Amino acid sequence: MRARLNKTWVLFSVWFAHMSAYRAEIVIWMLSGAIPLIMMAVWIGKARAAGGHTGGFNEQQFAAYFLAAWITQQLIVAWVAWELDYQIRQGHLSPKLLRPLDPMWEFFAGHYSERLVRLPFMLLIVFAGLLIVPGTRLTPDIWHVLLYTLSVTVAFFTRFLIAYCIGILAFWFDQATAIDDFYFVAAAFLTGAFAPLEFYPPALRAFIEWTPFPYLVYYPVRVLTGEAPGPEIARVFGVQLLWAAGFYALRSALWRRGLARYGAVGA
Amino acid sequence: MRLKRYIRVLGIFVRASISAQLEYRVNFAVNLFGSLLLAGGTLLGITILYSDGTPLGGWSYRESIVVVGLFTLVQGYIGAFLYPNLNKIGEEVRQGTMDFNLLKPVDAQFLISSRNINVFRLTDALVGAGLVIWAASGLENASSIGALLGLCLIVTALTIVYAVWFMLSMTAFWFVKVGNVTELFNGFFRAGAFPVSALPGWVRLVFTFLIPVAFVTTVPAEAIIGRWNAGSVLGSGVAAVLLLGVSRWFWTYAISKYTSASS
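Protein sequences, first through last, are from chains A and B. In terms of the numbering used here, the first sequence has 245 at position 245, counting the first letter as 1, and numbering is strictly consecutive. In terms of the numbering used here, the second sequence has 159 at position 159, counting the first letter as 1, and numbering is strictly consecutive.
Looking at chain B on its own, in the form it has when it is part of the complex (with noise of 0.2 Å):
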């Protein structure tokens, strides 16, 4: 029944998002032209580092290439859910605005997190799902078993850079000054675009367990190839619990200390 409302109230959210934006469509081309860029270079980038015919950490070109995929298409996401909702919540802090969401008779993390989508930057996540499914389809030991296993993966994926996301931005309630933190992500997040494996020694476990880049793009990438271990597959589903969990924990601990912006 509550679970029903929240669907509810996720497709009002969705149904005024797109018709707001459908008012600017030239941004459609734009974003589009904006998303066939950003895998250009990148394809072009995982090309010059095969120049020399070697694998790249053990991976091959084409497995490479779903990495990338995997990579715009968490850029996409993050460009159509969260920055347009999550980036909102130091402004809202600043102006005390925020208090109005609190006042809602809906759960106030669910309501900042989904109010706005940005449509047209879905066009990086379709470009990724093609880039993934191109490269894949050329694959030998990519499976439909595999294909599940990575799409899974891929919601753990998302949970997990949801929750950093989310808890980067909540910085918002004690630094008002500092609006730009989730930029620190993007900066780090560059690291997805390769294969983990790529990276030298220690590199690869402050990308594996300080920074969890490895579980957005290169264990999703393994099941897709056919190549997962039961290991990386339960790390990724309990980093996903865990974060979101923390993340949780932080909010509430966060609102118990939001004191309004006059008060």
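Extracted from the complex, chain A is given alone in its bound form (with noise of 0.2 Å):
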């Protein structure tokens, strides 16, 4: 146990300090996902033009809305299925599958341990976000909070094993990363991060419950917000779970598929 601990710490503090060499690069990579921040602008610009409110939302609401699926989004971002595609393409895999781990872990530390580098300038975003738009509430306490940090922590689990699986996706064609730019563009405007869901055509909406979509940043945000209420919190969470296991097991699937077929380029 205690040698297992070790590792993952070693693992982890390696990866930080990776991440942390190119902090420049992850604050452009930052401000490229401004989608929710601009919708923010434009939806306050409609609240304001509606005389105040538009939808039940105000500017305040709009603004906690917003920033709340800005950080979400931030939190959830996942690269590996073009790192994936990368590694499958060039051979560099080859190695990662001679040590005693499963090379997923690795990205996951990656991935994972980049949030904290991010932490510091998500901050200070969000609290020029606040001072912009005065009265803006965020979240109600420091409960909201810690809920949210597991609902988000989930829904990050989520998305990388999704690109996880679209990264396996290269052991069988050379168009695996395309693949994630369609999820890409999907994401942008079914998860929540375009508009609250309750502007969304009922039939749509209806549509978007069913897929995994809403629980990547729609509910998490409203989470945070406390816009939802306990039976709410208490279902997201089973659904999340739901999404996260299912996309584990089709991982799992996946992979030993696609390693049986795995050719080594260059070795």
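One side of the interface only, derived from the structure: several residues of chain B facing chain A at Cβ under 7 Å: (1) Val30; (2) Leu37; (3) Leu38; (4) Gly41; (5) Leu44; (6) Gly45; (7) Ile48; (8) Val181; (9) Glu183; (10) Leu184; (11) Asn186; (12) Arg190; (13) Phe194; (14) Ala198; (15) Pro200; (16) Val203.
What the hints contain is simulated information worked out from the structure, not anything from laboratory work. Computed from a predicted structure; not experimentally measured. C-beta: ideal position from N, C-alpha, C; glycine also.
Please dock the two separately framed chains into a single complex, following the hints provided.
This is the structure:
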């Protein structure tokens, strides 16, 4: 047990050091994911034009929703599809397979420790956002922050596994990253980063509810801003865990089949 | 005479790019699907923003779709012409292969801006142009003069995008490690999917003067829907000439500081 803890610690601290070296790049990536911030401006403009509020949201509620959506989007980012695709096609995966550890955990440690590098700049942007729209309350109390931390962790793991499944497809064909691009476009409009789901046409919303997308941004945001009542929070956790477990099983099945096909380029 | 030579060189680049990419024909289907997904998503977004029946920043639903079309068109332009060329600058500076570009008997800026064309990404431009034509055909105030002016303004818009993208990618001469700096543009350009008047107060000023997104989609769209004003048309032209001049100056400055990789 102790040896295992020690290994985990080494893995994370090495990756944290690696990611800290790329902090300037990370800040640029953070700013490139600005959709929720732009949508915040557009929806606030709409609320103002309508005389203070639209669809049950006023300026401050839009600000809280989209700031929370931006944080959430920042915390669930995963590029493992690209990394896996590259390593499979270039044969860099081969040495990783010789280690007594599933390569997924190394990618996971990289992603997870990168969140720590993001944190200071994230707090800065949120603070600026709260100053720009006076009277905004991001979250009611510390309990919601703790519940949100759990919820967003599961959301991140789900997104990571989705990206991992897409990356594994590189064992079969060379357009895996194009599929991740499709995912990216779909997620921009279906996770709730574009608008609170209340504004979606009912039929479309009913469909979205059956996909993992709203459990990646929309529902964690509701947990943080305190909009979700107790029973909803419990339901959200249940569904989130189901999606995470489902994608975990899918990734294990795909990994076994893909590995059998792996030709180890350059080995 | 010189111009003729440049056109001939450009023709060779285009032919070489096309023949290199025709090998991967599946890419065409993949990219077309991606373009339709992007346009569909952006349209869905506009539909949601209009679901309460009130106009967005004084623009009707159809008028906003002209903006969406231009946004998609510019994405295609970036993907087809800018990304495959300018985003290689960083790698070339790092490896020192930039030397070869500087030694060729054509202007080096022309060379590094036109060598590769990703023909398949033109699907975005096609889908975008289709959206603009479809939306404008249903508008009363759209006229042929407006369309012509719109076309000129699209040219100035693409010039602005080129100049900004080029300057961003040239930071690679100093910050070799920061290879993704053009992603900054991508992030902020998302605001170009909406008419700039939809943004509140000072945010609108930021996206007009600090980051010239307004000139890229809103101003050409105003001309197409027959609502242009002399101020923004003139502003667009001035911004294009100014930014192109500054980017040219920045380029000469950057290569004067370039010392190759191993020296």
